[in-house]
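**Q** Top line first, the protein sequences correspond to chains L and F.
Going by the working numbering, the first residue of the first sequence is number 1, and it counts up by one from there.
Going by the working numbering, the first residue of the second sequence is number 341, and it counts up by one from there.
If you're looking for bench data, these hints aren't it; they were derived computationally from the structure.
Virtual Cβ for every residue (Gly too), placed ideally from N, Cα, C.
A few of these clues could be false.
[Unchecked claim] Here are a few chain F residues that face chain L, going by a calculated C-beta distance under 8 angstroms:
#, residue
1, I443
2, N461
3, S462
4, L463
5, D469
6, W470
[As the list claims (entries may be wrong)] Ranges of calculated distance between the beta carbons of each label pair, as one might list FRET restraints:
#, chain 1, residue 1, chain 2, residue 2, range
7, F, I512, L, D78, 50 to 60 angstroms
8, L, M117, F, I512, 23 to 33 angstroms
9, F, D493, L, D78, 28 to 38 angstroms
10, F, A360, L, L108, 54 to 64 angstroms
11, L, P242, F, G510, 28 to 38 angstroms
12, F, E486, L, G49, 21 to 31 angstroms
13, F, G398, L, G59, 35 to 45 angstroms
14, F, R361, L, E35, 51 to 61 angstroms
15, F, E486, L, T113, 36 to 46 angstroms
2 protein chains.
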Amino acid sequence: MNPNPPLAARQEETVASPTARFLEMLAPKLAATEEVFIQHLESDVPFIGQASEYLFAGGGKRMRPAMLLLSARLLERDSDEEVTYAAVVELIHTATLIHDDIIDHATLRRGQTTVNMLWGNSLTVLLGDWLYTTAMQMALKHDNLEVIRRLCDATLKMTEGELLSLQRLGAIDLTVDEYFDIIERKTAQLFAASCFIPSLMKPERPDAGELLERYGRALGTCFQLVDDLLDFTASENELGKPVLSDLKEGKLTLPLILLLPRIDADRRQLIETVLEDGNFGRVSREEILELVSSEGTLEEVQTMAEKFAEDARQELSFFPPSEARDALEFAPDFVLQRRS
Amino acid sequence: MNPNPPLAARQEETVASPTARFLEMLAPKLAATEEVFIQHLESDVPFIGQASEYLFAGGGKRMRPAMLLLSARLLERDSDEEVTYAAVVELIHTATLIHDDIIDHATLRRGQTTVNMLWGNSLTVLLGDWLYTTAMQMALKHDNLEVIRRLCDATLKMTEGELLSLQRLGAIDLTVDEYFDIIERKTAQLFAASCFIPSLMKPERPDAGELLERYGRALGTCFQLVDDLLDFTASENELGKPVLSDLKEGKLTLPLILLLPRIDADRRQLIETVLEDGNFGRVSREEILELVSSEGTLEEVQTMAEKFAEDARQELSFFPPSEARDALEFAPDFVLQRRS
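When you get a sec, could you build the whole thing from the sequences and use the hints?
**A** See below:
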């Protein structure tokens, strides 16, 4: 049985053209963003250049830079400034990822061996520190204090989200509210900041900023719900890491949080066993996948993700029609369709 | 044989009164700095408040805040702004310490169990991230971009210093130049920034800033040389951690770097053994202490520290006499006399 029919069905319905069209629109700015990485991720400490190249040549979806650049385009900004901030949000995102990978003892990320596996935890702690500070230093270039404040706020929230998640690691009683609190901080905040920051460029656009902030928050929440679904529904090949990684790491996500109160003690025990063991020795991946398919909670989470996608789109109605607005309207669909 | 007669001799020569007098002068501002810690180290994530309280109630010399506040007083600044920055430099210092303690697997710091031992590496990585970002967020309060830039620069340098140190861990062939490059980044930079930052407050004082920066760098270098000497000459009780911790962690410091080319292969082997083993199982602490006393390199390093202290003092001759200048002139003596 396909554990997630709506998601698979959606993918067949759509054609690739909107993604290609909007990526083409952003191509010069995205290329300029990559150029910023190449220029700034240098240091006279040899390890930094080497590890940075590995990290940034290794790819990644560049979702946050793309959202920032689209919001900038919506507000008709066209300068080096938004390119800098696009690079900065990706740097902050990458710094959080590599520190999170230490904590999760992750071995694979985007199909690549993680930095902590390659170089050890000590170098990875320092590389993350270096990336965070380099991000702030780069952002300072344009003398916009409000942008720096927003970046600090988002970074603090992300760290707090990871702390909350870590403190509830292995807990079978994580609530829906706790889950949303964690993903709001860990993911939605940086999406919100990415969409909001162009409104802080001169001339400021507080009216647009408020809407774009809400748009980004809803989109980021949708993104994380889809991320958590993919851990059940995608293949290892698509994800670039094993499926059910979250559960193995002791993290309950929404499909299981919704499932647990509906199943009997024996079946709850299966989930509890994996949380306790941190591996699939006593309970197989297949048993968990079958269990989670049985009650339809994947479809429920998919519906919730679609609701957040719709909420995001609604925030855009204030803006006059434009190619950038079309792209921002399409972004939630792109997020819902993604398989990796 | 006393391994470090000049230091001990100096301590007997001086009376406690200058320290007490200058500390009294700074007392209101230092108390305000502690107040800033109490106010800002809060979060709705319970662990953060708990761990921050442990860290900041646990003391510390507050050398960097004191130097910043003295420089501010020299330039006749008297506002909340310098108090904020005093708190910020201590926060940055603390963040680097707790990340370094993860890397060094340190169990004791300032006589207290380290955060990594109490709460584990994962929470400690995130707590350090939170402290770094909170420091930047606090510093933003006074809308002074140049200060933020200087803080980012210093933080990057500190991270790079720790990276360089880590990459040469266990190396018996660390050179004097590499050693000074590492301590310049790891320690001298934040002292330099602390002394420099008050010159960036309005009205800016670039002339004074240049001198205070050089003063801070020389003082910071002196401070680190003394720190490295104390690892040989102080008691565990004074240090709040075991003696010869550096060597045990695989770090060669100047007394041993100067010593190695002067001794025969058998005696070099003793040092190499501890570097390799990471413990004093095959070679005792006493053997190493005796060896290092035999060639007088502790005295040579002490003389170098005194030279940096003198260099620091010389930078102050430009400033008209004042109580703050007296205190800054005394600070290098305080650093040379310290036993912990």
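**Q** Take the hints in turn and mark each one as holding or not.
**A** Tested hints:
1. I443: holds (4 angstroms)
2. N461: Nearest chain L Cβ about 7 angstroms off; hint holds.
3. S462: holds (4 angstroms)
4. L463: holds (6 angstroms)
5. D469: At about 5 angstroms, which falls below the 8 angstroms cut-off, the nearest Cβ of chain L leaves the hint on D469 of chain F intact, so it holds.
6. W470: Hint holds; W470 of chain F Cβ to chain L Cβ min 5 angstroms, cut 8 angstroms.
7. F:I512 to L:D78: 50 to 60 angstroms: holds (56 angstroms)
8. L:M117 to F:I512: 23 to 33 angstroms: holds (28 angstroms)
9. F:D493 to L:D78: 28 to 38 angstroms: holds (30 angstroms)
10. F:A360 to L:L108: 54 to 64 angstroms: holds (58 angstroms)
11. L:P242 to F:G510: 28 to 38 angstroms: holds (34 angstroms)
12. F:E486 to L:G49: 21 to 31 angstroms: holds (28 angstroms)
13. F:G398 to L:G59: 35 to 45 angstroms: holds (43 angstroms)
14. F:R361 to L:E35: 51 to 61 angstroms: holds (56 angstroms)
15. F:E486 to L:T113: 36 to 46 angstroms: holds (41 angstroms)
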